[in-house]
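Going line by line, the protein sequences match chains A and B.
The numbering of the first sequence is this note's numbering, which starts it at 669 and goes up by one.
The numbering of the second sequence is this note's numbering, which starts it at 141 and goes up by one.
Fair warning: there could be bad hints in the mix.
[Stated by the list, open to error] Residues on chain B that point at chain A, a partial pick, calculated with CB under 7 angstroms:
1. Val188
2. Val190
3. Leu262
4. Ser263
5. Pro270
6. Ser272
7. Pro306
8. Ile307
[Stated by the list, open to error] Computed spacing ranges between beta-carbons, pair by pair:
9. B/Lys293 with A/Gly900: 38 to 48 angstroms
10. B/Glu298 with A/Gly808: 52 to 62 angstroms
11. B/Glu308 with A/Lys734: 28 to 38 angstroms
12. B/Ile246 with A/Gly953: 53 to 63 angstroms
13. B/Arg290 with A/Gly928: 22 to 32 angstroms
14. A/Gly900 with B/Ser200: 16 to 26 angstroms
Source of the hints: derived by calculation from the structure; they are not laboratory data.
The C-beta atom is built at its ideal place from N, Cα and C for all residues, glycine as well.
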Amino acid sequence: MKTIKASIIGFGSIGQGVARVLLAKKDYLNKEGIDIKVIAVTDSKGSAVDENGLNLEKCLAVKAEKGTVADKPGMTGLDVINQIDHDLVIEVTPTNINTGGDGLINMRAAFEHKKDVVTSNKGPLALKFKELTKLAEQNGCHFKYEATVGGAMPVINLMRDGMAGNEIESVKGIFNGTCNYILTRMHEEKSNYSEILTEAVDLGIAEADPTYDVEGIDTAGKIVILANAVFGMDKTIADVERTGITKITYEALEMSARSGKTIKLIGEIKKDGSLSVAPRLVPVGHPLSVSGTLNAASIQTDLAGEITVTGKGAGSVETAGSILSDIISIYRDN
Amino acid sequence: MKVTMDIELKDEPGQLILALEPVSRNKANLISVFHYHKSNNTIKTGGVRVQVQLVLDAKSPVIDKIKDEMEKAGIRVLRIGEEKYREIMTVLMIGHVVDTDIRDTINRIDGTGIAEIIDMSLSMPEIEEPTSAALTINAVGKEELKETVRILKDIAGEKELLLVLPIEIS
Chain A
669 MKTIKASIIG FGSIGQGVAR VLLAKKDYLN KEGIDIKVIA VTDSKGSAVD
719 ENGLNLEKCL AVKAEKGTVA DKPGMTGLDV INQIDHDLVI EVTPTNINTG
769 GDGLINMRAA FEHKKDVVTS NKGPLALKFK ELTKLAEQNG CHFKYEATVG
819 GAMPVINLMR DGMAGNEIES VKGIFNGTCN YILTRMHEEK SNYSEILTEA
869 VDLGIAEADP TYDVEGIDTA GKIVILANAV FGMDKTIADV ERTGITKITY
919 EALEMSARSG KTIKLIGEIK KDGSLSVAPR LVPVGHPLSV SGTLNAASIQ
969 TDLAGEITVT GKGAGSVETA GSILSDIISI YRDN
Chain B
141 MKVTMDIELK DEPGQLILAL EPVSRNKANL ISVFHYHKSN NTIKTGGVRV
191 QVQLVLDAKS PVIDKIKDEM EKAGIRVLRI GEEKYREIMT VLMIGHVVDT
241 DIRDTINRID GTGIAEIIDM SLSMPEIEEP TSAALTINAV GKEELKETVR
291 ILKDIAGEKE LLLVLPIEIS
């Protein structure tokens, strides 16, 4: 049995999902020869640390009761990474697409201290992909980020490993469940954008400030990561031609439906290097005409033709499941 | 009768004029001249050549005469297509489609000679609200469809309209 000492940096929805998944899959991990011992959990108020391994059930209960796990107030994720000996940093702090935020600082520090990183945090990768992958390589660290794109959908690993040998011509996909929900519901309810946005905020599907989703910034970040990770490009979010969904009208959806089409926010990567995010007309029945909060990615290849994957693009447990797959792939192989 | 004529010219000055002389001499109506991108269509064997598509309006015997005269002038006529439009797409435009001179939008597509708007439906819920328009467009071929998309993007940019393209358009 291989014991891996890990920290969970960020204990919001995704971080708690990781804790739940690690608890639920303990036996499965053990069968794979892996024992994950979480030695630190950090949230915005501070950290809980036990070098012999924290009780994750207790961490979840304390978080639910007090709103924080911190028994060491003020001890940041960076402090944990710099000061405590461990192998794996699970970096799930809130994303910052403009600066990379704490996530970028944490990832840099983790690699400098020769720690592996598994993350769902898009911002640092959308801004500094080359720098981070180089830093990981120079320090002999594993760096896995499947959960940054498409939540539960195994897009990156599918294209890099499962489809090895194929040349990928293009990728088109729906990478934002909030936008897909809004467009689906606008048509179903014969309602305009602002009415359905209010509904989505009430249901917790959209943030109070939905700009990041509805203006296509989130989708742009994800296709940048795919372009860099799968196509070997060197892109940042500034390279994406981007249009959001805020100008879509119910009438436009109705007109589309009359000719057997629907409108979806599509992120597209072409092998010539062009990246775009825009509402597009998609025929009903097309693999990308998925409804509600679902995500889908259609990959055009030279050998396998077109392959489409569909799945839940967000959600605490779904994203944590993707993080777990990355963890297993690192330590099972070694 | 509108026809497309694909011809191949040497990449030298004066070649296009040479090709257009038979058109002028036979009083055919020249609607458009479309250069294919060299990178895709340059033929390496036998010197550098470029492919050009003419759209003409003339009667069948006149087209035949033009073809003969071109070939006598050393111009290779690759293809004559009687069926002018082979591609079709529907796009959406959302915004102040009518107030931003809808006639101009139509003319800028129809005036190319390589594409035309064959159907348009509008939905205008209220005066101040944005209009949604569905435009069905025919184009001579795939390259011309791409050129039409480029023109539509320019129009949408200038008039601050949201252009929604079909997913198949790359």
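Hint by hint, here is what the structure shows:
1. Val188: 23 angstroms, violated
2. Val190: Cβ of B/Val190 sits 22 angstroms from chain A, so the hint is violated.
3. Leu262: With Cβ-Cβ at 9 angstroms, over 7 angstroms, it is violated.
4. Ser263: 4 angstroms, holds
5. Pro270: With a minimum Cβ separation of about 6 angstroms from chain A (threshold 7 angstroms), the hint on B/Pro270 holds.
6. Ser272: Hint on B/Ser272: holds, closest Cβ of chain A at ~4 angstroms, below 7 angstroms.
7. Pro306: 5 angstroms, holds
8. Ile307: 5 angstroms, holds
9. B/Lys293 with A/Gly900: 38 to 48 angstroms: The hint (38 to 48 angstroms, Cβ to Cβ) is violated, given that B/Lys293 and A/Gly900 are roughly 28 angstroms apart.
10. B/Glu298 with A/Gly808: 52 to 62 angstroms: Given range 52 to 62 angstroms: holds, Cβ gap about 54 angstroms.
11. B/Glu308 with A/Lys734: 28 to 38 angstroms: 54 angstroms, violated
12. B/Ile246 with A/Gly953: 53 to 63 angstroms: 31 angstroms, violated
13. B/Arg290 with A/Gly928: 22 to 32 angstroms: Distance hint for B/Arg290, A/Gly928 holds at roughly 26 angstroms.
14. A/Gly900 with B/Ser200: 16 to 26 angstroms: At roughly 54 angstroms between Cβ atoms, B/Ser200 and A/Gly900 fall outside 16 to 26 angstroms, so the hint is violated.
Consistency note: the structure conflicts with the earlier hints numbered 1, 2, 3, 9, 11, 12 and 14.
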